[in-house]
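Student: Here are the chains, one letter per residue:
Number of protein chains: 2
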Amino acid sequence: MKIAIKNANIITMDKNMTQIENGYIIIENDKIAKIGDMQDYQEEVVEEEIDANGDILMPGMVNTHTHISMIPFRSLGDDCKDRLRRFLFPLEMECMTEELVYKSAKYAICELLLSGVTTIVDMYYFESEVARAVDELGIRAVLGETVIDFATCDSDKAYGGLEYGEKFIKRWIDNERITPFIAPHAPNTNNTEALIKSNEISKKYNVPISMHISEMDYELKHFREKYDKTPIEYLESIGVLSERLIAAHTIFLTDNDIELIKKYNVKIAHCIGANTKSAKGICPVSKLVEKDIIVGLGTDGPSSGNTLDLITQFKLFANFHKYINKDRSVFPASSILRLGTIEGAKVINKEKEIGSIEVGKKADLVIVDTKSVNMFPMFDVYSVLVYSANASNIKTVFVDGKCLVKDRKFTNIDFDKIREDLIDEMREFKIKAKDKEKEILE
Amino acid sequence: MKIAIKNANIITMDKNMTQIENGYIIIENDKIAKIGDMQDYQEEVVEEEIDANGDILMPGMVNTHTHISMIPFRSLGDDCKDRLRRFLFPLEMECMTEELVYKSAKYAICELLLSGVTTIVDMYYFESEVARAVDELGIRAVLGETVIDFATCDSDKAYGGLEYGEKFIKRWIDNERITPFIAPHAPNTNNTEALIKSNEISKKYNVPISMHISEMDYELKHFREKYDKTPIEYLESIGVLSERLIAAHTIFLTDNDIELIKKYNVKIAHCIGANTKSAKGICPVSKLVEKDIIVGLGTDGPSSGNTLDLITQFKLFANFHKYINKDRSVFPASSILRLGTIEGAKVINKEKEIGSIEVGKKADLVIVDTKSVNMFPMFDVYSVLVYSANASNIKTVFVDGKCLVKDRKFTNIDFDKIREDLIDEMREFKIKAKDKEKEILE
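Which chain is which? The protein sequence lines are A and B, in order.
In terms of our numbering, the first sequence has 2 at position 7, counting the first letter as 1, and numbering is strictly consecutive.
In terms of our numbering, the second sequence has 432 at position 437, counting the first letter as 1, and numbering is strictly consecutive.
Don't take every hint at face value.
Note that identical chains are pooled: a pair holds if it fits in a single copy or bridges any two copies.
Calculated lysine-lysine pairs in the DSS-like style (CA-CA distance at most 25 Å, straight line) [said to hold, decoys possible]:
(1) Lys366 - Lys425
(2) Lys366 - Lys401
(3) Lys76 - Lys216
(4) Lys321 - Lys275
(5) Lys321 - Lys76
(6) Lys76 - Lys425
(7) Lys286 - Lys347
(8) Lys366 - Lys404
Hint data in this document are derived by calculation from the structure and do not stem from the laboratory.
Isolated chain A (complex conformation) (with noise of 0.2 Å):
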């Protein structure tokens, strides 16, 4: 199977940041075979060509952090304090089915396709069943089955997600398209020996790691209280710091803790939207990359940072961290959008295969709409993208080297359908969430 994209704006993201301002490329069944400019292109037979008509060419985007099952809670409660134990918790633990699970999947890897993110790490319960969604729909992710110290909606005792975790590691470990993974909630919602063991289950596996860490005020407090440490320290000290670790948020740093997350090599998922939303703080993204820390972008669930595109954080991104660092300058777009393409990809360790339009790569790929009326000039095509794109700007999407999305609609997916199932599946969830809030809101 070959198919040729012509007459695009590539961006490559790679190292030299290559831009091809007329060029193509030749896609081979699923990796990227030939790149260069409409010059030197030499008619090919092909299965399909595709005219790009001058719009950009680019990577597909790296949702290095999300739960993406948690669509049923959107827009529920979002100005409420104490929000995640008040209403997601037990919404979770009385709502969620594996029915409901599976169907906010399929919903929200829709949601993620028409915005051009290709691959996504998810961490969240009846982890099988997002592995479903994303075996059927064809986009790439890197997936996580989460532990914690109470019993949950997949498991009637606390710490269920070892068990299910190692059994979800074993079904996907050979998947060409999923990573499997194991995700311990956070460090103050595992006792030690949990975490050790999950560690150990990374280890024996080769797989990542990945835990919610120093995003909580109270989680910093419960560290300093009992251990005298931050909550990075505490993890160094049981062993738990390594280059398989992703860690998510990491909002309150110290100093101290940049050296030893440098020192490990652990990887960072940072996800602005949602941090600044919920008046959590801003993780010092500058700190981290003045040392050469990968750090990645997320969105985090779309309970928390509603939409699970990565343009809406590449916007946030950039003001909140010049305006933190008081520099209009820092940041500029382009390493933006690196944080969004190929340093997500070195986050989960892929960054051989996806991240950056590069010959022999995997063809995960996205073409960018710059007719729309808000792209207009271009003088410079990252800022475009930072600064004026939005998700519906996205037109066409390939994920291992297959079209999922054309011309903003799903080449093969019924998404009226899956909509029509999750309204169905979510009927129960709906009372019960309206119960919640009339509970909390009186």
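Fit chain B to the supplied structure of chain A, relying on the hints for placement.
Tutor: Same frame as chain A, now just chain B:
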């Protein structure tokens, strides 16, 4: 002329924040004639019937500060320090012509309408050309000619805007859709005499006066050194504070400044996106609204804020003000939507005409697509609009009773031609802009 909109989820933004989940409205000529629940709907003879099919019907949004004709500058030198004086001022002087202002304004008005903005407050040069574009395309506008202490593209001497501005006011003062005003650029780019003269013109014709105030660190330094005052204190001392004044930006405010703003009933146009992208700072809006000072939202020019829609500003507003107040519950979504509608109307003293859906008010209305993937589920309609929506979710737009956008397409405007005309007109600008970029970046 009568139009019915049926089956709409109406958020009126009236005093009681009345919401009609399945409602209708009747438009008669330029006004809203009836509002009600579908249960009570009685068939009427109408020229047109629109089935909103459950979509959101809300008031048109009010962008209280922009410079729409700066479209040609978008994405040029975004991440450069001191961009205003290095890029914008010299290129404006050299390249902005009547035709370029006119054609850029037309382009920008298309972008505004497609995003659901139905009223703008604009200040620039050749403002008559902006008025011409507004008059032709049908948006509502409050337009002011800039007064500044140097020769400009539309005046070969300093302060040419005073004469141009007064003439401009006389020309448009009786227009239904256009309200003219006078726009001294900033306190530090005008001498005392010009500021007083501008204020006299505003008083004489009873039109607004608007300027950038307390936006620049060097502006504050200037007034501290010269008068030992803040810019606001200085303006009070020369008699320029009044209920007619729309102060844009007001990033740096002392408690005394806030007292003065309250005392004189000065209105605020808050540009969160532009102010943070440029790393300048954040206007203390929570302190202002605590004192019932009227605050609206502005995008600033497309050179600074990049997009002209208010939905982008809603999200930025939410995240920034929750973050700086360290409280996720401040500025709940509904209050942010008020800033973009009814409070914006108050900024321009038009709250009796626009800003909410009420019988007798102008039919400036927007239908938002709730079938878009990012708009589901909808536990809270305001949450969805503030945290999930983007400009491309706007479906249908009425200004002054006329349907200008229907199902994301213009009813009467030839956008392709407007775009082509602007591209043609920009040829010389583009060359000079690229030269300037080269000169500065080298």
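Student: Confirm or reject each hint.
Tutor: Cross-check of the supplied hints:
no. : hint            : in the structure
1   : Lys366 - Lys425 : between (39 Å within a copy, 18 Å between copies)
2   : Lys366 - Lys401 : both (16 Å within a copy, 19 Å between copies)
3   : Lys76 - Lys216  : within (18 Å within a copy, 40 Å between copies)
4   : Lys321 - Lys275 : both (20 Å within a copy, 7 Å between copies)
5   : Lys321 - Lys76  : between (29 Å within a copy, 11 Å between copies)
6   : Lys76 - Lys425  : within (21 Å within a copy, 50 Å between copies)
7   : Lys286 - Lys347 : within (22 Å within a copy, 56 Å between copies)
8   : Lys366 - Lys404 : both (17 Å within a copy, 14 Å between copies)
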